[in-house]
Amino acid sequence: MPERPTLSLTEARAALDRQETTSRDLTDACLARVHELDADLRAFITVDADGARQRADRADEQLRRGERQGPLHGLPLAIKDNLAVAGQVTTMGSAIFRDHVPTQSAGVVERLAEQGAVSVGKTALHEFALGVTTENPHYGICRNPVDRERTPGGSSGGSAVAVTTGMALGAIGSDTSGSIRIPAAACGIVGLKPTYGRVSTHGCYPESWSLDHVGVLAQTVQDAAVMLDAISGHDPRVPSSLDLLPTTTARDLPDEQDPQQALPLRIGIEESFFFHDVDPEIETEVRSTLDALVADGAQLVPLTLPSLGASIFALTVIDTAETTAVHEAQFRRRPQDYGEDVRLLLECGAIPSAVDYVQSQQIRAQVRREFQEAFAGVDVIVAPTLPIQTPRIGEATVHLNGREADRDQELMRLVGPANLVGLPSISVPCGQAHGMPVGLQVIGPALGELAVLRAAARVEGLVGERLPAQRRPLPHITADDV
Amino acid sequence: MPEPTPLDVVRSRFPRTPDADAPALRAHAEHLARLRDSLPEDGLQGTEPAATFDPRGTDSHA
Chain Z
0 MPERPTLSLT
10 EARAALDRQE
20 TTSRDLTDAC
30 LARVHELDAD
40 LRAFITVDAD
50 GARQRADRAD
60 EQLRRGERQG
70 PLHGLPLAIK
80 DNLAVAGQVT
90 TMGSAIFRDH
100 VPTQSAGVVE
110 RLAEQGAVSV
120 GKTALHEFAL
130 GVTTENPHYG
140 ICRNPVDRER
150 TPGGSSGGSA
160 VAVTTGMALG
170 AIGSDTSGSI
180 RIPAAACGIV
190 GLKPTYGRVS
200 THGCYPESWS
210 LDHVGVLAQT
220 VQDAAVMLDA
230 ISGHDPRVPS
240 SLDLLPTTTA
250 RDLPDEQDPQ
260 QALPLRIGIE
270 ESFFFHDVDP
280 EIETEVRSTL
290 DALVADGAQL
300 VPLTLPSLGA
310 SIFALTVIDT
320 AETTAVHEAQ
330 FRRRPQDYGE
340 DVRLLLECGA
350 IPSAVDYVQS
360 QQIRAQVRRE
370 FQEAFAGVDV
380 IVAPTLPIQT
390 PRIGEATVHL
400 NGREADRDQE
410 LMRLVGPANL
420 VGLPSISVPC
430 GQAHGMPVGL
440 QVIGPALGEL
450 AVLRAAARVE
460 GLVGERLPAQ
470 RRPLPHITAD
480 DV
Chain P
0 MPEPTPLDVV
10 RSRFPRTPDA
20 DAPALRAHAE
30 HLARLRDSLP
40 EDGLQGTEPA
50 ATFDPRGTDS
60 HA
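In the order they appear, the protein sequences are chains Z and P. Residues in the first sequence are numbered consecutively from 0, following numbering that gives the first Met the number 0. Residues in the second sequence are numbered consecutively from 0, following numbering that gives the first Met the number 0.
Derived from the structure by calculation, the hints contain no laboratory data. One or more of the hints may lead you astray.
To be verified - Covered by chain P, per the in silico footprint, the following chain Z stretches (three or more residues, Cβ under 8 Å):
hint: 1; stretch: 279 to 286
hint: 2; stretch: 354 to 360
Claimed, not checked - Partner residues aside, some chain Z positions facing chain P, computed with beta carbon under 10 Å:
hint: 3; residue: Asp59
hint: 4; residue: Val300
hint: 5; residue: Thr323
A virtual CB, placed ideally from N, CA and C, is assigned to each residue, including glycine.
Build the full structure now, drawing on both the sequences and the hints.
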């Protein structure tokens, strides 16, 4: 595995404030990592090195004048390539859009620019974000930096790899059936999918309108909070956008190491769906983390969500049907320009009936009600992010507890319900199994991003010592240090 | 008249679907049927609609 980055986004920002480094140094360091690693790992589809350096120099000039556009000022970030950037090629991971140059940026890209963030490039994704491995027939296979023979997950695999290796200090991703949290868990970083409608999806190529979320991938929970605050807020161009101000989670997040600030934490545990048929090593890691949380004062509350099993049917129907509706005209014209797995997925979306779709919406309403009732008694619900060990590249079938299982269905199984009901959910590293990172998923009530981040920060504080390759703040940061 | 196969259903929308995709489509249709068969009926037979819309146009959800 390549050496892990030694500097988080929050630490980099502090170093910029102390004038111990510059945006140009930070950006050059990220670009050096891209140069060093990306021919093999393929985290990026497009690297905008010259543009990034120009933006970094501009950010430094502003800092010298005492101007700071926002909390992300001068910080090098990466953007998933299904989010439009005006004037730059945005491929959606598709051969059809290989030369596509949007005239208008995505809502989140606008927010990043307003904050002074420095985009280093566009990250690799599963074709049209329609898959969970980032094995892309048009732009290459994205590899997991922890074990390059394994998938980084997807569809935001490139964003996860970029953050894991320090090619960017944070990244934007999208999540329709786990596409932020799956790669975050597989690569050992933090991935946050906010509440449906919290973050603008304007300019994000749609996968499944009622399941699509834009969110963040970061090295730490604090970094994720800073990024969420920067990109959240109402966007009147998006019908489902919630008319709310941006979040203030970074400010509101208590210091979990400070006993004076640490708040009681009630954790809901649903056994029959979220802990059913999980890889034993992964389950052990998650349960030992729960034990540590209890030892630290958290309370575990058993609960039931009886309709969760039905959510798999609803997710399968809604995701495939909406996806096929999005692509229908283009797919009729150009089926030969789609990769084999995505072609099959779009064909599968023609199979469910209208009755299936409507009944899936009824299941969604029922599951939402059950979650709502559950959150009357708990702050968050905790589960493993993935029930299986990280698959090898090209391995479409996996072995789980003595049976063969479909890789993609297993990767999505525990993360999909939060998409179905639009609840905020984060994956935070909690240990290792089979030599690979293990992610713990925290689900919160609607608009409960702070609760989710707070619980994740508690996990991060408790298990940080167990994780490999600890990041340490550096007293003086230069391009060579990152 | 024989029931249409999953390949027939897909080809009615996407005529260029290759023969080679038939086994995967059949497997998906069987998977979907198994999931459908496992659903509790009481969750699907409510009279309250799950999807609504606001005729004033402030909520675009159909």
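Satisfaction of the Asp59(Z) interface hint, Cβ to chain P closer than 10 Å: Nearest chain P Cβ about 43 Å off; hint violated.
Outcome, coverage of the stretch 354 to 360 of chain Z by chain P - at least 3 residues whose beta-carbon is closer than 8 Å to one in that chain: Check passed, 4 qualifying residues.
Is the interface hint for Thr323(Z) satisfied, with its Cβ closer than 10 Å to some Cβ of chain P? holds (8 Å)
Closer than 8 Å Cβ to Cβ for three or more residues is the test here. Does the stretch 279 to 286 of chain Z pass it with chain P? Since 0 is below three, the answer is violated.
Would you check whether Val300(Z) satisfies its interface hint, that is, whether its CB is within less than 10 Å of any CB in chain P? violated (24 Å)
Comparing the model with each numbered hint stated earlier shows that hints 1, 3, 4 do not hold.
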